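With the hints as constraints, model all of the structure from the sequences given.
Numbering (this note's numbering), first residue to last: 22 to 237.
Derived from the structure by calculation, the hints contain no laboratory data. It is possible that some hints are incorrect.
[Stated by the list, open to error] Derived CB-CB ranges, DEER-like:
1) D192 <-> E234: 20 to 28 Å
2) M113 <-> G227: 29 to 37 Å
3) S56 <-> L90: 24 to 32 Å
4) M237 <-> S45: 16 to 24 Å
5) G46 <-> P175: 23 to 31 Å
6) H103 <-> M78: 20 to 28 Å
Since the structure is predicted, the reported quantities are computational estimates derived from the model, not experimental observations. The C-beta atom is built at its ideal place from N, Cα and C for all residues, glycine as well.
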Amino acid sequence: MSISHYVLGIGDRHLSNVMFDTSSGTIVGIDFGHSLGSATVTLPVPEFVPFRLTGQMTGFLHPHSANGLIRVAMVTAMSALHDQRNIILRIMDVFVHEPLAEWESMAKRQHTSGDTDAQIEPNWYPMQKIRTVQQKLDKAHPSMIMTEEAKRNPNFHSHTLAHMVNAIEGDAAVNVRATLGSNTTLTIEQQVDCLIDIATDPNILGHTWEGWEPWM
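Listed below in structure tokens is the structure:
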């Protein structure tokens, strides 16, 4: 679920949007109102977590860590999506021809903030969304993708943006994502390591909206 949510840019993963089946142990995500990166691009307090993997959740994994069995499952899931990326992108092409109604207002806000794509392509907004999904399926560095999305958020002033980019990129002394070139194509294992690193980073969680309850 977490990897699928990352690829499709599903945000707003607060506790009420994560359901738990007590009979099977299955976790099910609901409410996809923020999808394809809108929680990062449009919200005044943007989300930079790729999925929900808070300290409470990693504590539940003990004696294993987030880099144990859950990493293996995420690598398997990402590999499956990567292998079928052409099918996924062809299905998503429908958004170019039939974009969501709410995207029109989002596109106007982003165009006003100076996005150059709006000057180049008639269907620039849905195509931008699909390109982001393609970058994820092509194993681009998550920090690079999130930085691009943060720059599209019209709520940021330049000094705020610089502060957020520093948080996204991380610290090479403690964050594995900061030790890998942001413009390099990663292996699937490296991509998953970066995602787990971001999702569990206290600095990222500390910048998350309080209603998301990052301490839970």
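Comparing the hints with the structure gives:
{"no.": "1", "hint": "D192 <-> E234: 20 to 28 Å", "in the structure": "holds (25 Å)"}
{"no.": "2", "hint": "M113 <-> G227: 29 to 37 Å", "in the structure": "holds (33 Å)"}
{"no.": "3", "hint": "S56 <-> L90: 24 to 32 Å", "in the structure": "holds (28 Å)"}
{"no.": "4", "hint": "M237 <-> S45: 16 to 24 Å", "in the structure": "holds (22 Å)"}
{"no.": "5", "hint": "G46 <-> P175: 23 to 31 Å", "in the structure": "violated (41 Å)"}
{"no.": "6", "hint": "H103 <-> M78: 20 to 28 Å", "in the structure": "holds (25 Å)"}
Violated hints amount to a single one, hint 5; each of the other numbered hints is respected by the structure.
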